[in-house]
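Enquirer: With the hints as extra help, turn the sequences into a complete structure.
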Amino acid sequence: MSNIIENQGMTRNLILILGDQLNFDNPALEDFDPTQDAILMAEVSHEATQVWSHKARIVLFISAMRHFYKAFTDQYPNCLQASYLKLGEHDFTTLKAAWAQQIYILKPQQVIVCEPGEYRLEQDLVTLCKEMNTHLAVRDDTHFMCSKADFSHWAKANKQLRMEFFYRKMRQKYDVLMQGDEPVGGAWNYDAENRKTFGKTGPQNIPAAPQINIDAITQEVIEAIEKHFPNHPGSLKNFIWPVTRAAALEFLGGFLKNKLIGFGDHQDAMWQSTNGSQSLYLWHSLLSTSLNLKLLNPREVIAAAVTAYHQHQLPLASVEGFIRQILGWREFIRGVYWLDMPKMSEANHYNHTRPLPSWYWNGNTHMNCMKQSISDTMQHGYAHHIQRLMVTGMFGILAELNPREVEAWYLAVYVDAVEWVELPNVAGMALYANGGRFTSKPYVASGAYIKRMSNYCSNCKYKPELKTGEAACPTTTLYWNFLIKHYDTFSRNPRTALMTKNVDRFSAAEVDAVHAHAQYLLNHINNV
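Quick note: the sequence shown uses my numbering, first residue 1, plus one each step.
Take these hints with a grain of salt, some might be off.
Said to hold, decoys possible - Only pairs whose alpha carbons sit at most 25 Å apart, straight line, appear in this in silico PhoX-like list of lysine-lysine:
1. Lys441 / Lys156
2. Lys107 / Lys96
3. Lys371 / Lys196
4. Lys237 / Lys86
5. Lys227 / Lys70
6. Lys148 / Lys130
7. Lys96 / Lys343
8. Lys96 / Lys86
9. Lys485 / Lys501
10. Lys130 / Lys107
11. Lys259 / Lys200
12. Lys148 / Lys173
13. Lys173 / Lys159
14. Lys501 / Lys441
15. Lys96 / Lys70
16. Lys371 / Lys461
17. Lys156 / Lys343
18. Lys441 / Lys343
19. Lys86 / Lys227
20. Lys159 / Lys343
21. Lys148 / Lys343
22. Lys237 / Lys227
23. Lys169 / Lys441
24. Lys156 / Lys173
25. Lys441 / Lys485
26. Lys196 / Lys441
27. Lys461 / Lys200
28. Lys148 / Lys169
29. Lys156 / Lys169
30. Lys200 / Lys371
31. Lys463 / Lys371
To be verified - Cβ-Cβ distance ranges computed for the label pairs, FRET-style:
32. Asn502 / Thr439: 17 to 23 Å
33. Asn231 / Arg139: 35 to 41 Å
34. Arg299 / Leu498: 39 to 45 Å
35. Asn213 / Thr353: 43 to 49 Å
36. Gly436 / Leu80: 49 to 55 Å
37. Ala149 / Tyr350: 28 to 34 Å
Source of the hints: derived by calculation from the structure; they are not laboratory data.
Just so you know, these numbers come straight off a predicted model, no measurement behind them.
Backbone N, C-alpha and C fix where the C-beta goes; we use that ideal spot for every residue, glycine too.
Expert: What follows is the structure, encoded as structure tokens:
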């Protein structure tokens, strides 16, 4: 399985299959001929160490790759030039090195690949093929519903990059939840209905957390990751992620049957509970890994949700909210990533330079919201979008953390992290590092928001209503400090001007006290 293939004569195409391209309708395989073409898949340590990857993230990618390769060789048993390089069974530390060796041995007429999901890999491949004087064919990734070219065309025609307007175009183009030219229900967006809290009683009748079968391949991968990356963060005790298309389809079916009906109301709510993963996963779909690995196609997921809506009279707000994440946000974020790279990876609008606190890797902080969100992340490789945006992400901007370090952390710790989706969400949404390229304001709030949307504050030593003093919530203190520091720009923005009205009520002494306490927190950030 892992032997390097030897040249069997003239190789027509060397087809590279990357770890997040595990679909048989991969454009790179469009005209595949097992008698003339070579296939290469490779596990290399650099993909797990370029950021300090969570063990569950590594297991997910490698197990899914091995399952796909087995399915591929079962389908093409006569493919003589198929190679899979396993960790520990070759000397290549990078994909570029593995690719170079195969090109050197096989001397293919051309190298074929579907568009990589990461700028770094694309550049490595372009550079390598130029150096080795080998023709490279990079094929459009037809998994996505909006091509890079189409998104670029849309962006040039719009003064502002706003997901809402892009989403409407996509709804119209694909005739999703439409009645003629108008949206079903009369509104494009039901986001306002999807922000309910759980109240004091907490979430009720939460669907059971999904389960998967840890088969022999996955078990072998788990053992290999514990051996090769023993000091990497995260636990593998709670691994539940689909690594085959069949398992991904089961997840999709379970979500449609048990969760979609309740998905909308509490999309943004969080809850700390003793029932573990149930309160972590709530009504969220958990389909992002399967979509990002391409075990599922967004078209089939959207079609299934629309069918469930009609057949079971599901709440429109739930169905629309779910579809918006896939047809709207997912496609939009991917388009922005390729439109703005590589400058997106270098953006630092506020010139923040403070290092990432050590407790981002273990949750050892007195702030219960951060402790719970990070502990969940380390145990499961997962946190839902509000935990990421309005807890760990918001603290990053308020604490003036270096965007490069925060972005690397997000890429490392979440099982669904691929750079095209991770970087725009962190740089653009959570940190405002790109200066509002596609958002109208920074996403910042005091501890009062977290108290309203969760029960974290009831189990915390800090008080969200206090701005200063030992019991003051660090999020609250840093929020007001951030508003004071950026008062002029916030006051001129219609979306944030109301926030600064509250600053206007502060006395000079209160402003000084907030600033002083904020500086103390920032200087002792590892101990908060």
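Enquirer: A separate judgement is required for each hint: does it hold in the structure or not?
Expert: Now for the hints, and whether the structure bears them out:
Between Lys441 and Lys156 the alpha-carbon distance is near 22 Å, which keeps this suggested pair within the 25 Å criterion. Between Lys107 and Lys96, the direct Cα distance comes to roughly 16 Å. Compliance with the 25 Å bound is thereby established for this hinted pair. Between the alpha carbons of Lys371 and Lys196 the distance comes to roughly 23 Å, so the proposed pair stays at or under 25 Å and holds. For the proposed pair Lys237 and Lys86, the alpha carbon gap of about 23 Å is at most 25 Å, so the pair holds.
Restraint check: the Cα-Cα separation between Lys227 and Lys70 comes to about 23 Å, which is no more than 25 Å; the hinted pair holds. At roughly 23 Å between alpha-carbon atoms, Lys148 and Lys130 fall within 25 Å of each other, so this suggested pair holds. For the suggested pair Lys96 and Lys343, the alpha carbons sit about 23 Å apart, so the restraint of at most 25 Å is met. Among the hinted pairs, Lys96 with Lys86 is consistent with the structure: their alpha-carbon atoms are about 15 Å apart, no more than 25 Å.
A distance of roughly 14 Å separates the Cα atoms of Lys485 and Lys501; the hinted pair therefore holds under the 25 Å criterion. Under the criterion of a C-alpha separation no larger than 25 Å, the hint pairing Lys130 with Lys107 is consistent with the structure, at around 14 Å. A C-alpha spacing of about 22 Å is found between Lys259 and Lys200, which places the hinted pair at or below 25 Å, so the restraint holds. With a CA separation close to 16 Å, the supplied pair Lys148 and Lys173 stays within the 25 Å bound.
This hinted pair checks out: Lys173 and Lys159 have alpha carbons roughly 21 Å apart, not beyond 25 Å. Pair hint Lys501 plus Lys441 holds up; C-alpha atoms about 16 Å apart against a cutoff of 25 Å. At most 25 Å may separate the alpha-carbon atoms for a hinted pair to count; Lys96 and Lys70 meet this at roughly 23 Å. Taking the CA atoms of Lys371 and Lys461, the gap is about 12 Å. The hint holds against a cut of 25 Å.
For a cut-off of 25 Å, the pair hint linking Lys156 to Lys343 stands: about 18 Å separates their Cα positions. For the given pair, Lys441 sits about 20 Å from Lys343 by alpha-carbon distance, which is consistent with the 25 Å threshold. The suggested pairing of Lys86 with Lys227 holds, with an alpha-carbon distance near 13 Å, which does not exceed 25 Å. For the proposed pair Lys159 and Lys343, the alpha carbon gap of about 19 Å is at most 25 Å, so the pair holds.
For the given pair, Lys148 sits about 17 Å from Lys343 by alpha-carbon distance, which is consistent with the 25 Å threshold. Straight-line distance between C-alpha atoms of Lys237 and Lys227 comes to about 15 Å, which keeps the hinted pair within the 25 Å bound. Of the supplied pair hints, the one linking Lys169 and Lys441 holds, its CA atoms being roughly 23 Å apart against a limit of 25 Å. In summary, the hint linking Lys156 to Lys173 is supported, as the alpha carbons are separated by about 18 Å, within the 25 Å threshold.
Of the pairs offered as hints, the one joining Lys441 and Lys485 holds, with about 15 Å between alpha carbons and a cut-off of 25 Å not exceeded. Distance hint between Lys196 and Lys441 is fulfilled; the C-alpha atoms sit about 22 Å from each other, no more than 25 Å. With a CA separation close to 19 Å, the supplied pair Lys461 and Lys200 stays within the 25 Å bound. For the suggested pair Lys148 and Lys169, the alpha carbons sit about 15 Å apart, so the restraint of at most 25 Å is met.
For the proposed pair Lys156 and Lys169, the alpha carbon gap of about 15 Å is at most 25 Å, so the pair holds. Distance restraint check for Lys200 and Lys371: the Cα-Cα separation of roughly 21 Å lies within the 25 Å cut-off, and the hinted pair is therefore satisfied. Taking the CA atoms of Lys463 and Lys371, the gap is about 15 Å. The hint holds against a cut of 25 Å. At roughly 22 Å, the beta-carbon separation of Asn502 and Thr439 lies within the given 17 to 23 Å, and the hint holds.
Between Asn231 and Arg139 the Cβ separation comes to about 38 Å, which falls inside the hinted range of 35 to 41 Å. Between Arg299 and Leu498 the Cβ separation comes to about 41 Å, which falls inside the hinted range of 39 to 45 Å. Checked against the hint of 43 to 49 Å, the pair Asn213 and Thr353 passes, with Cβ atoms roughly 46 Å apart. Range check, Gly436 to Leu80: Cβ separation about 54 Å, and the 49 to 55 Å hint holds.
For the hinted restraint 28 to 34 Å between Ala149 and Tyr350, the CB-CB distance of approximately 33 Å keeps it satisfied.
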